[in-house]
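Visitor: Now for the letters of each chain:
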Amino acid sequence: MNIAQLFNNFKNTILTKYGSNPAKMLIYTGVLGWFLSSAAQVVAIAVNDKIPKEQKMFLIPQEIGDGAINVVSFFLVTSVIKNFASRLVSSGRLATPKIREFLTNSEINIKTKNGWKVLPGFDFSKFNIKNMTNFDQISDEYNSFKNGVDVIAMTLGSILSCNIITPILRNKYATNRQRKVLAEFNKPEIGGLKYPKGISMDTYQKQVTMKFSKPSASLKI
Amino acid sequence: MASISSIRNFSFLSAYDKFSCKITRVALDAVGSREKLPTISNPKTVKCIDWIGKNLSSAENRLILGASALLSQPFIDASNKDVDAKTRRYSICRTVAKIIAGTLTGFTIRKLCIKSIDAFTKLPSEIKPDMKFKNLRKLLTPTIKFSAEELAQYKNTLGTILALGIMVFTNFLIDAPLTKALTNLFAGKGDAK
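Residue numbers (the numbering used here), protein chains in the order written: chain A, 780 to 1000; chain B, 30 to 222.
Calculated directly from the structure, the hints in this document are not laboratory data. These numbers were taken from a predicted model, which means no experiment stands behind them. There's no promise every hint is true.
Ranges of calculated distance between the beta carbons of each label pair, as one might list FRET restraints [as the list claims (entries may be wrong)]:
#1 B:A114 - A:S904: 49 to 55 angstroms
#2 B:F198 - A:D915: 41 to 47 angstroms
#3 A:S904 - B:L152: 24 to 30 angstroms
#4 A:A783 - B:C77: 31 to 37 angstroms
#5 B:M160 - A:K832: 56 to 62 angstroms
#6 B:S108 - A:G894: 39 to 45 angstroms
#7 B:F149 - A:S904: 30 to 36 angstroms
#8 B:L141 - A:T912: 16 to 22 angstroms
#9 B:L141 - A:N787: 51 to 57 angstroms
#10 A:K796 - B:K157: 28 to 34 angstroms
#11 B:I156 - A:T792: 23 to 29 angstroms
#12 B:A177 - A:N907: 22 to 28 angstroms
Quick reminder that beta carbons are idealized off the backbone N, C-alpha and C, glycines included.
Use the sequences and the hints to build the structure in full.
Guide: Printed below as a string of structure tokens:
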């Protein structure tokens, strides 16, 4: 196979894989984008002289945690939400009036006074509109609608995973890392003080100061 | 031998797809098979959903994520009482700086790359006599049959892949220094107060 053929294969593969599934592409490229961005941010903090060492102990693990949690939550949360929305459309649970008419004509749905209903005993789990023999009649309407629903679900999923779940989890992770590193850093001074759990960094530092500034018993009058 | 061949055949993406489908199935089962089927009957809503599917590329997606990140992440950092006040302030400054830098570069590079790909993915009917680089205009056009919508998504995908390649460098050359400069700017302003 020569280079021209390989190049054509590459183009055609991209077209067949993502031409009809933009949300899938957004998920894969999104994950890769977050990974690359986090790697650069870790370097940015490490080389920033204006950030004190103590803050770097929080910010670097925060960034690593941010990247790792972002990638995992993007894959788990965003993709599951996207697949859920996608399946709602492909199983005929969610549709436009034109798709409903098509499903009614194909004897999958029944039109009633209060809207459309599913036939009694109908098994959604095995049904996919795309597998219907007369799918060509509705393919344009269906593909446009499904792509739109997929992209909306993917965007909402991204907002939930990247902007809500990730910052909460990465802060928890970075706080624990900072405490461990600080405890290790100040080991000779803090000696037997227990690993601080459930207290703020301010309280912890105050406790450390109090422990070592306490007057000894022999000095009591 | 069997285990070696099974490792070779293991694909992360296909395993992940199976996992995700299983979760989806469980979620759909939990929702149950409702007798009455939800139908989006407002033509404007249907049109809007179609438009989003056709026109929302990774660039716009990055912009939406950036805008929503500005509305949520600084507040999440501000409410993190597990760290001291100074660390919390640095964390907020850096989060805001990172969102601004990441969104600006991410959106711009993605948009420019998608535009560049579009310039070299022309159909024969789109090539005009006064166009420059006429021979290269079909360079990225697929050689198999496609619809107009598929071609638009193909351009978005190829543009996004190109953008990711470029962002390997710009993350270090633009994103990271810009984040650093903005963090120092915001943190410095806080210090002055």
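Visitor: Taking 49 to 55 angstroms as the hint, is the beta-carbon distance of A114 of chain B and S904 of chain A inside that range?
Guide: holds (53 angstroms)
Visitor: Tell me if the beta carbons of S108 of chain B and G894 of chain A are separated by a distance inside 39 to 45 angstroms.
Guide: holds (44 angstroms)
Visitor: F149 of chain B and S904 of chain A, beta-carbon distance inside 30 to 36 angstroms?
Guide: violated (44 angstroms)
Visitor: So does S904 of chain A sit 24 to 30 angstroms from L152 of chain B, Cβ to Cβ?
Guide: violated (41 angstroms)
Visitor: Using the beta carbons of F198 of chain B and D915 of chain A, state whether their distance is inside 41 to 47 angstroms or not.
Guide: Holds: the Cβ-Cβ distance is about 45 angstroms, inside 41 to 47 angstroms.
Visitor: Cβ-Cβ distance between M160 of chain B and K832 of chain A: within 56 to 62 angstroms?
Guide: Once the Cβ atoms are compared, 57 angstroms apart, the range 56 to 62 angstroms for K832 of chain A and M160 of chain B holds.
Visitor: Could you tell me whether the CB distance from I156 of chain B to T792 of chain A stays inside 23 to 29 angstroms?
Guide: About 25 angstroms separates the Cβ atoms of I156 of chain B and T792 of chain A, which means 23 to 29 angstroms holds.
Visitor: Taking the beta carbons of L141 of chain B and T912 of chain A, is their distance inside 16 to 22 angstroms?
Guide: Given range 16 to 22 angstroms: violated, Cβ gap about 44 angstroms.
Visitor: Given the range 28 to 34 angstroms, decide if the beta-carbon distance of K796 of chain A to K157 of chain B lies inside it.
Guide: About 31 angstroms separates the Cβ atoms of K796 of chain A and K157 of chain B, which means 28 to 34 angstroms holds.
Visitor: Cβ-Cβ distance between L141 of chain B and N787 of chain A: within 51 to 57 angstroms?
Guide: Given about 25 angstroms between the Cβ atoms, the range is violated.
Visitor: Per the hint of 31 to 37 angstroms, is the separation of the Cβ atoms of A783 of chain A and C77 of chain B within bounds?
Guide: violated (42 angstroms)
Visitor: Between the beta carbons of A177 of chain B and N907 of chain A, is the distance compatible with 22 to 28 angstroms?
Guide: Roughly 25 angstroms apart at Cβ, these two residues keep to the hinted range, so it holds.
Hint compliance for this structure: hints 3, 4, 7, 8, 9 are not met, and every other hint is.
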